[in-house]
Amino acid sequence: MELHKLTVYKAHELIKKKEITSEELTKAFFKRIDNIDDKIKAYVSLNKEKALKTSRQADKKADFEEPLLGIPVAVKDNICTKNLRTTCCSKMLENFVPPYDATVLTKLKEKYAVILGKTNMDEFAMGSSTESSCFYPTKNPWDLDRVSGGSSGGSAAAVAADECIYALGSDTGGSVRQPASYCGVVGLKPTYGRVSRFGLAASASSMDTIGPITKDVTDCAFVLNAIAGLDSYDPTSSDSPVPDYLISLQTELKSAKIGIPKELLGDLVDRDVKDAVLKAADFYETMGCHCEEISVPHAEYALWVYYIIASAEASSELGQYDGIRYGHRAEKYEDLQDLYKKSRGEGFGIEVKRRIVLGTYLSDDENYDKYYSKAQKIRTLIKKDFEYAFDKYDFLITPTVPSTAFRIGEKIDDQLKMYMNDLCTTPVNLAGLPAISIPCGFSKGLPIGLQIIGKPFDEATIIQAAYAFEQNTDYHKRQIEWKEG
Amino acid sequence: MFIDKDTVEQMADIAHMHISKEETNEITKELSFLLECFDKLNQIDTEGVKATVHPIIDKNVFREDVVQESLPIEEVLKNAPDKDNRFFRVPKIIE
Numbered sequence: 001m002e003l004h005k006l007t008v009y010k011a012h013e014l015i016k017k018k019e020i021t022s023e024e025l026t027k028a029f030f031k032r033i034d035n036i037d038d039k040i041k042a043y044v045s046l047n048k049e050k051a052l053k054t055s056r057q058a059d060k061k062a063d064f065e066e067p068l069l070g071i072p073v074a075v076k077d078n079i080c081t082k083n084l085r086t087t088c089c090s091k092m093l094e095n096f097v098p099p100y101d102a103t104v105l106t107k108l109k110e111k112y113a114v115i116l117g118k119t120n121m122d123e124f125a126m127g128s129s130t131e132s133s134c135f136y137p138t139k140n141p142w143d144l145d146r147v148s149g150g151s152s153g154g155s156a157a158a159v160a161a162d163e164c165i166y167a168l169g170s171d172t173g174g175s176v177r178q179p180a181s182y183c184g185v186v187g188l189k190p191t192y193g194r195v196s197r198f199g200l201a202a203s204a205s206s207m208d209t210i211g212p213i214t215k216d217v218t219d220c221a222f223v224l225n226a227i228a229g230l231d232s233y234d235p236t237s238s239d240s241p242v243p244d245y246l247i248s249l250q251t252e253l254k255s256a257k258i259g260i261p262k263e264l265l266g267d268l269v270d271r272d273v274k275d276a277v278l279k280a281a282d283f284y285e286t287m288g289c290h291c292e293e294i295s296v297p298h299a300e301y302a303l304w305v306y307y308i309i310a311s312a313e314a315s316s317e318l319g320q321y322d323g324i325r326y327g328h329r330a331e332k333y334e335d336l337q338d339l340y341k342k343s344r345g346e347g348f349g350i351e352v353k354r355r356i357v358l359g360t361y362l363s364d365d366e367n368y369d370k371y372y373s374k375a376q377k378i379r380t381l382i383k384k385d386f387e388y389a390f391d392k393y394d395f396l397i398t399p400t401v402p403s404t405a406f407r408i409g410e411k412i413d414d415q416l417k418m419y420m421n422d423l424c425t426t427p428v429n430l431a432g433l434p435a436i437s438i439p440c441g442f443s444k445g446l447p448i449g450l451q452i453i454g455k456p457f458d459e460a461t462i463i464q465a466a467y468a469f470e471q472n473t474d475y476h477k478r479q480i481e482w483k484e485g
Numbered sequence: 001m002f003i004d005k006d007t008v009e010q011m012a013d014i015a016h017m018h019i020s021k022e023e024t025n026e027i028t029k030e031l032s033f034l035l036e037c038f039d040k041l042n043q044i045d046t047e048g049v050k051a052t053v054h055p056i057i058d059k060n061v062f063r064e065d066v067v068q069e070s071l072p073i074e075e076v077l078k079n080a081p082d083k084d085n086r087f088f089r090v091p092k093i094i095e
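Residue numbers (my numbering), protein chains in the order written: chain A, 1 to 485; chain B, 1 to 95.
A couple of the hints might just be wrong.
As the list claims (entries may be wrong) - In silico EDC-like cross-links for lysine to aspartate or glutamate, where the CA-CA straight-line distance does not exceed 20 Å:
id: 1; chain 1: A; residue 1: K384; chain 2: A; residue 2: E300
id: 2; chain 1: A; residue 1: K377; chain 2: B; residue 2: D45
id: 3; chain 1: B; residue 1: K21; chain 2: A; residue 2: D338
id: 4; chain 1: A; residue 1: K417; chain 2: B; residue 2: D39
id: 5; chain 1: A; residue 1: K370; chain 2: B; residue 2: D4
id: 6; chain 1: B; residue 1: K40; chain 2: A; residue 2: E263
id: 7; chain 1: A; residue 1: K417; chain 2: B; residue 2: E30
id: 8; chain 1: A; residue 1: K91; chain 2: B; residue 2: E23
id: 9; chain 1: B; residue 1: K40; chain 2: A; residue 2: E300
id: 10; chain 1: B; residue 1: K21; chain 2: B; residue 2: D4
id: 11; chain 1: A; residue 1: K257; chain 2: A; residue 2: E292
id: 12; chain 1: A; residue 1: K417; chain 2: B; residue 2: E26
id: 13; chain 1: A; residue 1: K27; chain 2: A; residue 2: D59
id: 14; chain 1: B; residue 1: K21; chain 2: A; residue 2: E351
id: 15; chain 1: B; residue 1: K92; chain 2: A; residue 2: E334
id: 16; chain 1: A; residue 1: K262; chain 2: A; residue 2: E285
id: 17; chain 1: B; residue 1: K21; chain 2: A; residue 2: E346
id: 18; chain 1: B; residue 1: K29; chain 2: B; residue 2: D4
id: 19; chain 1: A; residue 1: K107; chain 2: A; residue 2: E65
id: 20; chain 1: B; residue 1: K59; chain 2: A; residue 2: D239
id: 21; chain 1: A; residue 1: K370; chain 2: B; residue 2: E36
To be verified - Label-pair distances were calculated between CB atoms; the ranges are:
id: 22; chain 1: B; residue 1: I93; chain 2: A; residue 2: D365; range: 25 to 33 Å
id: 23; chain 1: A; residue 1: D365; chain 2: B; residue 2: E74; range: 38 to 46 Å
id: 24; chain 1: A; residue 1: F442; chain 2: B; residue 2: K29; range: 34 to 42 Å
Calculated from the structure, these hints are not laboratory results.
Here a beta-carbon is modelled for each residue, glycine too, at the ideal position from N, C-alpha and C.
Just chain B, same shape as in the assembly:
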């Protein structure tokens, strides 16, 4: 057993994403297959090997904190599914 339906549902829940029963079945089947494939990686000895995060350069990029012009509010809000004047509208989150 590599992954079961409950775990798939739990992961979708953590990812804040609804999945249908049909999708749960399909994803469970697919992920079981993939996790079995991933198990092959355990054959490889990685003792003492450093993890790669950036494929080429491993350095932080800093810059001066300079004030620059940003997008106008109306441009930023243009794609908002719901807005009110200068704000994004969201459901009530405080009781």
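Pulled out of the complex, with its shape left as it was, chain A reads as follows:
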């Protein structure tokens, strides 16, 4: 049995029946990482000793009903892990070792989840390809010349390449869904407030969310069950009741009304991607659902609204990195001002600097009304567009990304193309909605993702829609053909 190919559900069954131990499973994953991560570069830190220790503790536990007990997980490197280096893939935090766990980590550790290590990402989650990581880009397991997507590219690639059973990522403008789409795995961005952000290094705090990246929809439900809920450490987390998402795992999906926003299926979307989404609509029709083209009129402006708000928030959030209390400090400086400037100048990469300068400019007195305030008002209009759509429809479907994974280095010099990557994902963050990306086809051997968007706190419906599609199609079962050498 190839242990590294197991899903959460299957591994849990085997552990429960005592057919395998968590220790065996954990060792199998470190072996897999040893064998393959040189090619993929999904991880930036490993947690071998402690992971093996946790796995042995898990094996001694009596509660074998807990689905995540002893299951190996990879964690994005902007989620704080106590006593395990957390860098945000920035030189600024190259040696930062958090003194506390993020709430999601506390929840996983209570269940004796086995933390394998930390995964690569774009610096401070700013980017769509992991190319802005201060370490190295993560390669796409489907084609090693291509990007894994971003910013949670390391997490998505680790899941796709069987270097972990599941992973956590964060999504501010598509950073869970886009890499999940590029790597042919499942990625869920929960409703804003559904999962605590405590211990997540902020990128744009009115849009940041933490979400699971998994091999299938069943696993996604298991992980969301474990991490969702109110947290007193995060005042933006919600007290809305958390249902058991496993109940959503039903293959029947009768008479759902589905909207297809035309603004997110226009000329910017590749032919093959568009065809795959329309084929998914046909599938839902055959299941007895009703699909209709709809208009979300302000969605086409969402990308620019997103960049204004995200940059303004980032420039403010990243003010905390000043070289005083933690993070990089320049070796030579003349006075305090010089210490700040040099420490920040040396610690941040170009993409982060670009966003800080932009954010500072946009929230400047002179530009505040013209850009920032304007963007926040259009954000209201985008929210209302979705509210209007959800009066009539149960969920919406769109491509996750307008195209499949691009070549490493291809887009880094062409920013417009890079921005267009986020066309379909950013409106969802602005409106705070839940959305899931699942595999729905292939174009020239590369995975295509279907995005299913739901009403606030209605993760249950999108999980059900995703599950029904997955169980009646084979896209998630396609195996990566590894080239020798």
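With chain A fixed as given, assemble chain B onto it according to the hints.
Here is chain B on its own, set in the frame of chain A:
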């Protein structure tokens, strides 16, 4: 003209962040492009529209002010680039 090099340098200065000449050029080029894109937003009528701050709930969260245990000082100082006993060390700021 959407943004010039001087403005970019001035913004970096406000953000207490050194940027090289090369970075200034690159950022100026990129931001000019982006600001041109942002101009499209002016077509949208937002008269009377309220700004969204929190995407889902618009309420303040209060709690009782209760004393709780905090991290031990040595843990807090563990990541400090320069420290002295129980303090962060910083350059002299008062002449």
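Cross-check of the supplied hints:
1. At most 20 Å may separate the alpha-carbon atoms for a hinted pair to count; A:K384 and A:E300 meet this at roughly 14 Å.
2. Between A:K377 and B:D45, the direct Cα distance comes to roughly 10 Å. Compliance with the 20 Å bound is thereby established for this hinted pair.
3. For the given pair, B:K21 sits about 17 Å from A:D338 by alpha-carbon distance, which is consistent with the 20 Å threshold.
4. For the suggested pair A:K417 and B:D39, the alpha carbons sit about 18 Å apart, so the restraint of at most 20 Å is met.
5. Of the supplied pair hints, the one linking A:K370 and B:D4 holds, its CA atoms being roughly 18 Å apart against a limit of 20 Å.
6. In summary, the hint linking B:K40 to A:E263 is supported, as the alpha carbons are separated by about 16 Å, within the 20 Å threshold.
7. Only pairs whose Cα atoms come within 20 Å are accepted, and A:K417 paired with B:E30 is accepted, the gap being roughly 13 Å.
8. A hinted pair counts as satisfied when its Cα atoms are at most 20 Å apart, and A:K91 with B:E23 qualifies at roughly 17 Å.
9. With a C-alpha separation of about 11 Å, the suggested pairing of B:K40 with A:E300 holds against the 20 Å cut-off.
10. At roughly 13 Å between alpha-carbon atoms, B:K21 and B:D4 fall within 20 Å of each other, so this suggested pair holds.
11. Of the supplied pair hints, the one linking A:K257 and A:E292 holds, its CA atoms being roughly 8 Å apart against a limit of 20 Å.
12. Note on A:K417 and B:E26: the hinted pairing holds, with a Cα-Cα distance of about 17 Å set against a maximum of 20 Å.
13. A distance of roughly 13 Å separates the Cα atoms of A:K27 and A:D59; the hinted pair therefore holds under the 20 Å criterion.
14. Annotation: proposed proximity of B:K21 to A:E351 holds, straight-line Cα distance about 15 Å (limit 20 Å).
15. A C-alpha spacing of about 10 Å is found between B:K92 and A:E334, which places the hinted pair at or below 20 Å, so the restraint holds.
16. With a C-alpha separation of about 18 Å, the suggested pair A:K262 and A:E285 falls inside the 20 Å cut-off, and the hint holds.
17. At most 20 Å may separate the alpha-carbon atoms for a hinted pair to count; B:K21 and A:E346 meet this at roughly 14 Å.
18. Taking the CA atoms of B:K29 and B:D4, the gap is near 9 Å; set against the 20 Å cutoff, the hint holds.
19. Straight-line distance between C-alpha atoms of A:K107 and A:E65 comes to about 16 Å, which keeps the hinted pair within the 20 Å bound.
20. Of the supplied pair hints, the one linking B:K59 and A:D239 holds, its CA atoms being roughly 13 Å apart against a limit of 20 Å.
21. The hinted pair formed by A:K370 and B:E36 meets the criterion: a straight-line CA distance of about 13 Å does not exceed 20 Å.
22. B:I93 and A:D365 have their C-beta atoms about 26 Å apart, which keeps the hinted 25 to 33 Å range intact.
23. A C-beta distance of roughly 42 Å is found between A:D365 and B:E74, which places it inside the suggested range of 38 to 46 Å.
24. Checked against the hint of 34 to 42 Å, the pair A:F442 and B:K29 passes, with Cβ atoms roughly 36 Å apart.
Every hint from the earlier list agrees with this structure, and none is contradicted.
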